[in-house]
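In order, the protein sequences belong to chains A and B.
If you count the first sequence from 1, you need to add 40 to reach the working numbering.
If you count the second sequence from 1, you need to add 1 to reach the working numbering.
The hints are simulated quantities; they were obtained by calculation from the structure and are not laboratory data.
All residues carry an ideal CB built from backbone N, CA and C; glycine is no exception.
Errors might be hidden in some of the hints.
[Said to hold, decoys possible] Partial list, derived from the structure: chain A residues whose beta carbon lies under 10 angstroms from chain B: (1) 85; (2) 86; (3) 94; (4) 95; (5) 184; (6) 186; (7) 190; (8) 195.
[Unchecked claim] Computed Cβ-Cβ distance ranges for the label pairs, DEER-style: (9) 52(B) x 182(A): 25 to 35 angstroms; (10) 61(A) x 188(B): 42 to 52 angstroms; (11) 100(A) x 89(B): 39 to 49 angstroms; (12) 195(B) x 76(A): 29 to 39 angstroms; (13) 136(A) x 72(B): 36 to 46 angstroms; (14) 121(A) x 150(B): 11 to 21 angstroms; (15) 129(B) x 214(A): 27 to 37 angstroms; (16) 215(B) x 95(A): 43 to 53 angstroms; (17) 67(A) x 72(B): 55 to 65 angstroms; (18) 150(B) x 140(A): 40 to 50 angstroms.
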Amino acid sequence: MTAEHNASSHPSPAVIARYADREVELDEVTVWSVEVHLEDCATCRARLAGSTTPDGGALLARVAAGLDRDLGAGPAPVRRRRWSRVRNRWLAGHLVPWLTMTLAVLAVAVLLQAAQPGLPSLVALLAPVAPLPGVAIAWSRRHDPAWELIAGTPAAGLAMLLRRTAAVLAVVVPALALASNRTGVSLALALLPCLAFTAATIALGAFVGVRHAAIGLGAAWGLAVVVPAVATAHLPVVLQPGSSGGWVALTLALAVVAASRADRFRRLSSHD
Amino acid sequence: MMRTVSAAETAPTTYPWAVHAEGLKVRAGRHLAVDGLDLTLGTGVHGLLGPNGAGKTTLMRALATVVRPAGGRLTLLGESVDGRADLRRVRRGLGYLPQQFGFYPRFTVREFVEYLAWLKELPKPAIPGAVQRAIDRVGLTAKADARMKTLSGGMLRRAGIAQAIVNDPAVLLLDEPTVGLDPEQRLDFRELLRDLGVDSCVLVSTHLVEDVVAACTDVVLINEGRLVHQGTPDDLVAQGGAGDAGDSPAERGYSALLRRHRAEAGR
């Protein structure tokens, strides 16, 4: 009996009609194999619906009416709002103060540039380190209240860090574009170093922790480039207009390094 | 509220213990909080007792794969989690409620449990049903759409328990889950624990000895990072005598075991 109901063959219409009829007793083995088959096969389910007996149909109608009554009396389904899902998964509320600070610093740079035209372009000098506070805080044990909960979930890792970094960049990049527009700095010169430094923070963060990487890179850039540039009123070589190609290559190389070390991001605690 | 059970869940397991630690060493900062712990946990509700500073929270963190062990071997659900193992598969079967449970204040309870369900990589069509079921099981149905900053301490703890059970984990780790619950809620929680302990391994760390005796099938006592005693609640009661400190038989057993362990360690 079971041989005719293996996975690749359908039960015969006669068997389905006997299954549908409440009066007829089918043996357990056949009933079981027919039910397992019906779970997957829509054709046979349609055939079963077609061979329902009148009192079987009446029973189903009574059950359906009762269910509708109970569902109508219960609470309505919760409305899923797409915006709240995007907000919950991509934005991290604890980033808001830090992003506000970044935007304020950029605004001050624009104003200073307007007030003191003799200074080298402050926006170009600050652009690489603009996203670093946001990236450092996005992943930080001290600032994310639900850190310990998130650290034990399967989704914790490089993908989550990149999602939060994208949220940071979504705020910082338009601000940089606006600031560079205002002060006459080329867009590529403002955005490419920014992306390169973000990639460098993530790549270095795989080894020493994202927060330490951000602090180290910010301090190194400040001491090595910003201070001499302001002192000598000259833009450094790395920020001259022809250097865009170099920044692109650097960004791509760092992205490859970060991707190859993705498994180091699984345990947050060893990196903060 | 029932849920569908997939064939993978009813398949027999190929590992002997859900949690198996051998000579486990875990650091908390610079201090070695768990120092050579041997522990095996199977299905059931296991109560974790011990004095403050015994390493209970650090042990929970290591079992939740939040902290990497500094030495020894740790196997969860048949897979080794020390070293460079792939943690995603193990973490899908874990549920964890930390002692200092942080949350995003502007989230509603439902959004919070949904966010955690999404982080635990539940299949997307299953998330709303699983969230509703978890919220119903902890008794927060009336407050499901309230913002978390408006909840009292006991309700927050229950929201935390809801996120821990939303993925029906095979290993559930609860660190002080009854803090802030009133006595009636503690009784409901014991019911929930008994229900959960039927087919998963639950480890509850608590200071309340009565909760352990009432709801747990197994008691684990640790002190200074080592295992002191593991056995049934009746074993714990049998260890104590009239001369030991405590108001209930279980408390007397607890202080007797600690006294003996400290005496041996001093020797």
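What are the numbers of the hints the structure violates, in ascending order?
1, 2, 3, 4, 18
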